[in-house]
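Engineer: Protein chains in written order, with my numbering: chain A, 12 to 387; chain B, 12 to 387; chain C, 314 to 712; chain D, 314 to 712.
Residues on chain A that point at chain D, a partial pick, calculated with CB under 8 Å: (1) Asp-15; (2) Ala-273; (3) His-290; (4) Ala-305; (5) Ile-307; (6) Asn-329.
Computed far set for chain C versus chain B, every beta-carbon distance over 10 Å: (7) Asn-364; (8) Glu-375; (9) Pro-535.
If you're looking for bench data, these hints aren't it; they were derived computationally from the structure. Every value quoted in this text rests on a predicted model; they were computed, and no experiment measured them. Every residue gets a Cβ at the ideal spot worked out from N, C-alpha and C, and that includes glycine.
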Amino acid sequence: MNFDLSQERVMLQDSLRRFLRDRHSPQMQNAAQYPPGYDAGLWSGLAELGVFAALFSEKDGGFGGLGADIAVVFEELGRAGVTAPVTETCILGGGLLSRLGDSNQKELITGIMEGSCQIALAHAEPDGRYDLSFVSARAVPQSDGIVLNGQKSVVVNAQAADFLIISAREDGAADASEGISLFLVPSGADGIVMRDFALVGGGRAAEISIENLLVSEAARLGPAGAAFPVLEEVTAAAITATCAATLGAMISAADLTRDYLATRKQFGRPIGSFQALAHRMADMMIALEQARSAVILAAGHLEASRDVRELHASAAKNLIGRTGRLIAEESIQMHGGIGMTAEYGLGHLARQIVMADHRFGDTDHHLERFIALTAA
Amino acid sequence: MNFDLSQERVMLQDSLRRFLRDRHSPQMQNAAQYPPGYDAGLWSGLAELGVFAALFSEKDGGFGGLGADIAVVFEELGRAGVTAPVTETCILGGGLLSRLGDSNQKELITGIMEGSCQIALAHAEPDGRYDLSFVSARAVPQSDGIVLNGQKSVVVNAQAADFLIISAREDGAADASEGISLFLVPSGADGIVMRDFALVGGGRAAEISIENLLVSEAARLGPAGAAFPVLEEVTAAAITATCAATLGAMISAADLTRDYLATRKQFGRPIGSFQALAHRMADMMIALEQARSAVILAAGHLEASRDVRELHASAAKNLIGRTGRLIAEESIQMHGGIGMTAEYGLGHLARQIVMADHRFGDTDHHLERFIALTAA
Amino acid sequence: MDLNYSEHEENFRSEVRGFLAAELDPALAENVRLGKQLSKQDHEGWHAKLNARGWLAPNWPEEHGGAAWDAVRRHIFEEECALAHAPRVVPFGLSMLGPVLQKFGSPEQQAFWLPRILSGEDWWCQGYSEPGAGSDLASLRTTAERDGDRYIVNGQKTWTTLGQHANMIFCLVRTDRSAKQQEGISFLLIDMNSPGVEVRPIVLLDGSAEVNEVWFRDVGVPVENLVGEENKGWTCAKFLLTHERTNIAGVGFSKAGLEAVKRIARHSRSGGRPLSENPHFAARVAQAEIDLMAMATTSLRIVSRAAAGQAPGVESSMLKVQGTIIRQEINDLARRAAGVYAMPFGSEALDGSNSGLPDPVDAGPVAAQYFNNRKLSIFGGSNEIQRQIIAKSLEGPGQ
Amino acid sequence: MDLNYSEHEENFRSEVRGFLAAELDPALAENVRLGKQLSKQDHEGWHAKLNARGWLAPNWPEEHGGAAWDAVRRHIFEEECALAHAPRVVPFGLSMLGPVLQKFGSPEQQAFWLPRILSGEDWWCQGYSEPGAGSDLASLRTTAERDGDRYIVNGQKTWTTLGQHANMIFCLVRTDRSAKQQEGISFLLIDMNSPGVEVRPIVLLDGSAEVNEVWFRDVGVPVENLVGEENKGWTCAKFLLTHERTNIAGVGFSKAGLEAVKRIARHSRSGGRPLSENPHFAARVAQAEIDLMAMATTSLRIVSRAAAGQAPGVESSMLKVQGTIIRQEINDLARRAAGVYAMPFGSEALDGSNSGLPDPVDAGPVAAQYFNNRKLSIFGGSNEIQRQIIAKSLEGPGQ
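Bound conformation, chain A alone (with noise of 0.2 Å):
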């Protein structure tokens, strides 16, 4: 057992720090509410850089690909506020391209490593909340294809992707895990209606209407009916991710937040010298400490069998989900106005921090999975 970085990461992890501290700006975290909902020059840097390589295993043609790897970049990209569809594209869109592509669909993840193509996953629908395996949307084979049918709710990076996955049931009811196939369709495609909006988190996703819309057998993405356990699979990588940028984010917001403890003054001293104030931010750093450990322990199992790669990414989301609230609004309070501004950065990084909650279940949600699983 060790908690060390290899040589490789602690490499990578410093390039990537020194890129964003150089190149990313809180303007561009505006940038991000208007399409394309990312700054697309330094989505161009992050491929240059490797980033989105590191996220692919050596089969794939990248260079990591693993838990570790996924906690590295996206601590990276918590820390500087980084907007930007990278759990889309590589994690989401990539994973499912990797464990299920044909060699001719896995071709996009060059394009992907190169920065050059774009995905979003088109799962998750209106009444399934976040049931993973909810789905009515339905794929019907007729003579010419496959005709899908269906409602997408809050597809995130929708509008700019080049490439939409698509979930829709071949078989079952409308929650089973059974009978869910995937499609690889270009988003552009006739019977695909969207709208789009910005997100409070940052960067934009759409309502997606899916009207009659035809694709050929060879959309398919894997074997018909049985995507599910992949999807919990990559599902699981983007917990993963998402917890590690909003441990990112958390570090970011606790260093605002003592930086103005130790400079603002109020009543003649620095009010970080205020008992009351001076234990909260004790609280923080303790919470902080929590949070590292739960990111370390979801990406230290994300290779594990199914059961402990899940127990540990729902501990890892309730975790985060619970301490990042914690230092969000602690943070926010505890600078008083200035911390309720858009200018200030603290805003952005509360909203990433909060609105992460939303994505991939939420805390009582993964509470309620750790329950399940532990009880199994």
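With chain A held as given, fit chains B, C and D onto it using these hints.
Structural biologist: Same frame as chain A, but now just chains B, C and D:
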């Protein structure tokens, strides 16, 4: 709408507070660990003062008996940290006799008010936890009377009681609300085996084994199988009493803590001037106001319709459970070591506050009940 | 002790409901319910309706055109207004300046300014906070120097809520620089249309622009706009801060907010059932509801206890802290309840009117409200300041 | 990064399990599980078994008879001992005095005292706290005046855990009254059997009598019992306080405690089902378990990071606070889980051996443990002091 106590209740409050200040001492607390579980002199003093009569209505020969009377009396008992089976004898025992007793049975009420008769309710069972309708003890009629068999758990005041009121089932499944009867039995009757013990929160209780206890038809309290609604009614009164007593103990614990913070010095100044403690003390005071309101609501709705009464009883028990834990734990923590010692009064109050959570359903039990009642 | 409303009180409640049903525009109520920002006209129209009915100033004495209601009536009125999603009455003139003028203003000032507050002729805002001062009000640096029959004001105020709509601002200014801290401060009424006044919006993290910075550069203010004595403005300020503020606990808003949470939870499905039946979520909602029931009673108790004119200082601090904790918890519950539908920024995605796509959850901009209401525990005397006031009150004798 | 245990580590775990299975008396383990007070003989017997195996001092260097295990091994050992309900090793000689002597003691002191700690010949207790000093250690008033080759000690110590069993006490005493605060303090070893030493138990609110007051009245102590330099005892004290304390987070105890909670919950029936299936209760348990999983990793990370001999000051403060929060929460869960069976005082009612009545819940004296463990956040540097240390560490540069 008004929140003022009537003239009579203010007088009762004043005289009871004065009496307990003069007569009650921490030494009596320790006595409550040994049989009979309370201070006999204090008991007759309370009777002489009319405290027990204040818990009965005029038709029973008392001069009170409403929720507001319960709130006043028990808050004072709790403030002084009194350990005495007033809830068992007056609220539960007296309440059941008043509501269900025939004229013979009701004669005991006079003895209760005079302080010469004590009662214990033998109702809860090993597998019942806090479910009020759970009764697996059986009452089976036979030629010469009714035979009772069963186990009763942690029956408070059993050893000192002159009479037990025993619940047993004449019909229905173990958790059905129909089919429960109550029997008034001299505590020394053949067939009652007790193992008695001291309680962490003060006073004494017993595990009771009822083995072929033969009682006459005349021992039945009220009609056969119909005791549940009345049990629920007197339990709501007992919850109100427990909440009021706990509120009183919380007030005293907060008072001790406030005084300690003002007088105790560390690092050269009163520890109350350390802001972290000052703010936590402020949170305790806020919690205390919430607790006070919850008791007022429970007491003020005790005579309302079943739904309204039960809703407020459960709300109060839940809120008192949470705020009580906060105040007990914070009081000890802010005192430091001295708060841990048996000699100092705080420990006794803390035990009464926290252990009240184990009577008549705990914080979680009543949260669930509140959910059920509001969903209905 | 009687927790039931009297017949008179119940009649009053019916009267309020009737008024709301007749006068409150449903479209306006819907915007309030969804937490959207209201226009100046929205506020002014609602004030005018209340004023026409004589209900705009519940706690002013009748001689000044107030309703002079007791605590229970005010509670009923606030509760009904919140549940009907009436716009919140803008408090700066009515709840803050009005009582100060009634207590410290000259007869001329009262005769001139009070009717204009009721009529809506003036929209007031508050010039208390300054950049760099935060909760430490007494350290303010805006100056007013006497120059004949005018004061010349220089300095900067911040966190001026709805200042963009206001034509008047009441300010704390320093009139004696040699005096220390709370001395040498005066309470001054300033016309925002005077030359040298500049207002700039501050955008908050939820995207809203309700608060402003206000600059004063050599602004001339007539000396008759001084309230109370020169250099004794701290007395007015303290009175305003600790004066019984209507609805400081925000009980009505919390009740309406909890109803909204329940509605969202009934419409959100989780594991094939409504979220409202999920035991974990139901437990959080129930706990908030229990806390709110108790706080509503605490609020009524405290407000009833305070005789007219008396300032329940420490109690209002308790209500402020507990009230914001509950409101913020309810905002958090709404955010959770909406699930992924909390993510869209603003209500554009949820509007549904401009596309054929569904609006599956009746959520509104719950995340924006969550972030916006972090202000509740910061502005108007932060919760830390309130705790300090409570702790201080415990040090005195006779407690 | 590799979160798996190596084969060596897994072998070590098996070795520990084998040892516990062979050497730990089941009756003793049962008493530990039920939270009963152990006798002096219970402790001494267990120490002797560990010492015979060479495992009594995991963090001492081998030259002094320690096991010199790395952090992972210590973690495994503590976890297995806690899960097997082995008695806690009494820390005063082994974890506190031992490292101080190894760092500051003379070769003669090391050669004399260290073997006696291992052999059990000496039972040490700690003389730090004084009445009226609380968390403010530096304000201590016990004095030691030099008189030839002896110090004459006068004063009083308190909160001396298990002092009733001890024959030796290490003390902080004031050797220079003119020096301020932390100066003028010395670290002294005192024979409890000396004339003038008196020990009186302090009964705690749970009825236990583990802590004591110790009086010194003109107690003579040989000068060779001074550790380190005269008047420099604060250096020893700080070292002891911030020195890597074995298992400060109490991970093993929390794991065992959580198992106990689950066991009680499986045996308690609520609404016709085991309490363990109640969603509200399960949620509390799950949250504690998630927190504990993270803390176990935090603990391992921190302990691994600290190179041998290095004192991870602020990190051990973090572990102390988080560790006590979790342990106390688990104590609270056990209390709740037991329902009405938490009420009996002591275990008399639950013993079952002396009557025919049932012992329906396998609860043990959970309420007493709940109250007793309130001490965790008070003694050994209160959580407030720990937060102060953490906050202080944030002020420095380079953070």
